[in-house]
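Asks: Since the structure of chain U is provided, determine the placement of chain P on it from the hints.
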Amino acid sequence: MSKTTRTIPRLILTLVLALCFASCFSSCGGIQNAINPAGPNAANISRLWWLMFIICSIVFVLVMIAVLLSLSKRTTEAADRVPVLEPSEESERRRRNVVVSATTITVIVLFVFLIASYSSGRSLGLNDPTKNGLSIEVTGHQWWWEVRYQDVDASNIFTTANEIHIPVGVPVMFSLRGADVIHSFWVPNLAGKKDLIPGKINTMWIQADKPGVYRGQCAEYCGFQHAKMALWVVAEPQEQFNLWRQNQTQQAVAAASDVQKRGQQIFFSTTCVMCHAINGTPAGSNIGPNLTHVASRHMLAAATLVNTREHMAQWIKDPQTFKPGNRMPQNNLSDADLQALVEYLQSLK
Amino acid sequence: MCEIASRNLSTTRRYRAPFCLCVFLCLFVPSCKREQRQFSTPPANFKSYDVTMSDLRPGVGGLPQPVQNPADQHAFDANEGKRLFTQYNCSGCHFNGGGGIGPPLMDAKWIYGERPENIYSTIVEGRPNGMPSFRQKIPDSQVQQLVAYVRSMSGQLRKDVAPTRNDSMNARRSEQRTERKTPLQTTEPPQ
Numbered sequence: 000m001s002k003t004t005r006t007i008p009r010l011i012l013t014l015v016l017a018l019c020f021a022s023c024f025s026s027c028g029g030i031q032n033a034i035n036p037a038g039p040n041a042a043n044i045s046r047l048w049w050l051m052f053i054i055c056s057i058v059f060v061l062v063m064i065a066v067l068l069s070l071s072k073r074t075t076e077a078a079d080r081v082p083v084l085e086p087s088e089e090s091e092r093r094r095r096n097v098v099v100s101a102t103t104i105t106v107i108v109l110f111v112f113l114i115a116s117y118s119s120g121r122s123l124g125l126n127d128p129t130k131n132g133l134s135i136e137v138t139g140h141q142w143w144w145e146v147r148y149q150d151v152d153a154s155n156i157f158t159t160a161n162e163i164h165i166p167v168g169v170p171v172m173f174s175l176r177g178a179d180v181i182h183s184f185w186v187p188n189l190a191g192k193k194d195l196i197p198g199k200i201n202t203m204w205i206q207a208d209k210p211g212v213y214r215g216q217c218a219e220y221c222g223f224q225h226a227k228m229a230l231w232v233v234a235e236p237q238e239q240f241n242l243w244r245q246n247q248t249q250q251a252v253a254a255a256s257d258v259q260k261r262g263q264q265i266f267f268s269t270t271c272v273m274c275h276a277i278n279g280t281p282a283g284s285n286i287g288p289n290l291t292h293v294a295s296r297h298m299l300a301a302a303t304l305v306n307t308r309e310h311m312a313q314w315i316k317d318p319q320t321f322k323p324g325n326r327m328p329q330n331n332l333s334d335a336d337l338q339a340l341v342e343y344l345q346s347l348k
Numbered sequence: 000m001c002e003i004a005s006r007n008l009s010t011t012r013r014y015r016a017p018f019c020l021c022v023f024l025c026l027f028v029p030s031c032k033r034e035q036r037q038f039s040t041p042p043a044n045f046k047s048y049d050v051t052m053s054d055l056r057p058g059v060g061g062l063p064q065p066v067q068n069p070a071d072q073h074a075f076d077a078n079e080g081k082r083l084f085t086q087y088n089c090s091g092c093h094f095n096g097g098g099g100i101g102p103p104l105m106d107a108k109w110i111y112g113e114r115p116e117n118i119y120s121t122i123v124e125g126r127p128n129g130m131p132s133f134r135q136k137i138p139d140s141q142v143q144q145l146v147a148y149v150r151s152m153s154g155q156l157r158k159d160v161a162p163t164r165n166d167s168m169n170a171r172r173s174e175q176r177t178e179r180k181t182p183l184q185t186t187e188p189p190q
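Top to bottom, those sequences are chains U and P.
All residue numbers for the first sequence refer to numbering that gives the first Met the number 0, where the first residue is 0 and numbers rise by one.
All residue numbers for the second sequence refer to numbering that gives the first Met the number 0, where the first residue is 0 and numbers rise by one.
Chain P on its own, in the form it takes in the complex:
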């Protein structure tokens, strides 16, 4: 009896280290998805009529369901958005989020809505007073990446998804270290 007990004990001891290692390695599994990349364009799940600015709607039926932006979940996509933000010259008007010719993107105020579908239609359809339409010029998958990045500028994304630091000198805190700002709807016209 005693012998069996000691044998059991030694078996437990023998497997303790591999078991702990397995548990430890399992902790890394969720991070696999963080950098997942998809090279072929996924079908767009946004449509311009999903966008809502107010509770007033024609006809019957409730408000459209909020749309989940797939790029909001992937650090790779948010970082691609950051690259495209510079390369497509968004920073030409919005600067590095501080605003200039266009409204700032790193503050809490949103003129046309802070939901992914709002930003999507802002980019695709354009807005009055200067925002051009990029319909057909930027593929949907890249618009989604841009949407994710724009949201990360005011801290709307998860900390592990938001871009960390610039390759070059950064004038402000990285998107990851930006505090989450509660979105405020504003009617203030763009300056």
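Isolated chain U, as found in the complex:
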């Protein structure tokens, strides 16, 4: 074999390995990452993950060293070796010791994992008694998230979609429901995943210690657009959160300009009104996301599109190009009507 033919496979191997490592590191940091925790629950899970990763890596390296050692030993000694028919007492004892100690270490490692996993799971399941503050109800729909902020005062209850705001440093109670099929709520930076099961309410609590935006995603296959069923959790200081909540509890702003009034008319006279609600107007259907403050959200279509005028217009005209199979039908509006409708919806801050 010539030198070049030998070096090419090696080069490829090195390149592939380098790419693997690079892809590993590129996932560090980021807004959807379980090993970049931003809250106590995620930190707990992340610690468990690192413990398992480090121990398993050490075990892997040790096993590989043992394999290589035994291979190299065999190739050097095999040629002039006489098969041993009656092993000596000494060598038998040595082998037995190796097997017993390896088994013991394995059992100890597994028990360490068992205890660590159990204690993490237990602390995740603990219900913090101090957390009877904010309670959020999340309902999974095909393929978006309905978010309802509960409150003892009924006038403070409001519904939004696909974007959850929470105050930093405060545990927030989440009750999870499924409207049609099983979904799973997973914001990796903040907590582990939990299923949303129709006819059942699951609860979990989430606390964000660092302000920021975290992305969550449905983690249980739920149909066509499962992959584009995402949400944002915005963790912000308490004052900022209070302002946001104050705004969300308000009714929608009235259409001011003529174009906005035209847009509102289109909303009421076409397909929009059959599924979407705008509080403070006759539109009250709860099949699709509540649009009372749609312009205040960062994203559209379950965190699929950035909320801009162009995206909103394209989405209304033909949602099936962005998320084929989703429940929103195409709308054959004239350009002027579409612009008026977008103008109105974008005024709903």
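Quick caveat, the hints were computed from the structure, so don't treat them as lab data.
Owing to the predicted nature of the structure, the values given are computational and were not obtained by experimental measurement.
The beta carbon of each residue, even a glycine, is placed where N, CA and C say it ideally should be.
All clues given are correct.
Under 10 Å between C-beta atoms, here's a sample of chain U residues computed to sit facing chain P:
id : residue
1  : P197
2  : G198
3  : I286
4  : P323
Below, simulated EDC-like cross-link-like pairs (lysine to aspartate or glutamate); rule was C-alpha separation at most 16 Å, straight line:
id : chain 1 : residue 1 : chain 2 : residue 2
5  : P       : K136      : P       : E124
6  : U       : K199      : U       : E136
7  : P       : K136      : U       : D336
8  : U       : K199      : U       : D179
9  : U       : K199      : P       : D166
10 : U       : K209      : U       : E235
In silico negatives: residues of chain U with every beta carbon more than 10 Å from chain P:
id : residue
11 : W48
12 : I53
13 : I64
14 : A65
15 : K192
16 : D208
17 : L242
18 : A312
19 : W314
Replies: Chain P alone, transformed into the frame defined by chain U:
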């Protein structure tokens, strides 16, 4: 000669199993269309003037040809119709087909016709005494799905197309198990 015959025999035997498998798999081919979905809206093939209530018509020319509802052929569409029937609150008046504020939909009687185009125009144009018009509010493709579902409630659809069972408890037989009722034209006004 004998050798050739035995070789032929072994060839036949060798291909028998794959052949049977192919034939068996071919049986599944017709079912492919059953769940076919179309995400972009197909052009509507119903128009309100296709609707006929009686043989009396102005002008010359025969009766309009009956219209085939494409949703009548697809189980997916009929099931979507079932979902929309609840979500658009049809059940608010017609209940689960038994009728209440609006007339029942699971019986044999039809006030405004049982043909797809009749039901289509009932939904789109509305009817006197309460049925609202959903013109422009429900896209044509979804009206067709609703039409298919409404027809399945009295067993007008094929058994393999009609919706099977509810996700929740069902107070009556599923649409698939509903016996086909021969449509009766009635002049009885809605109660």
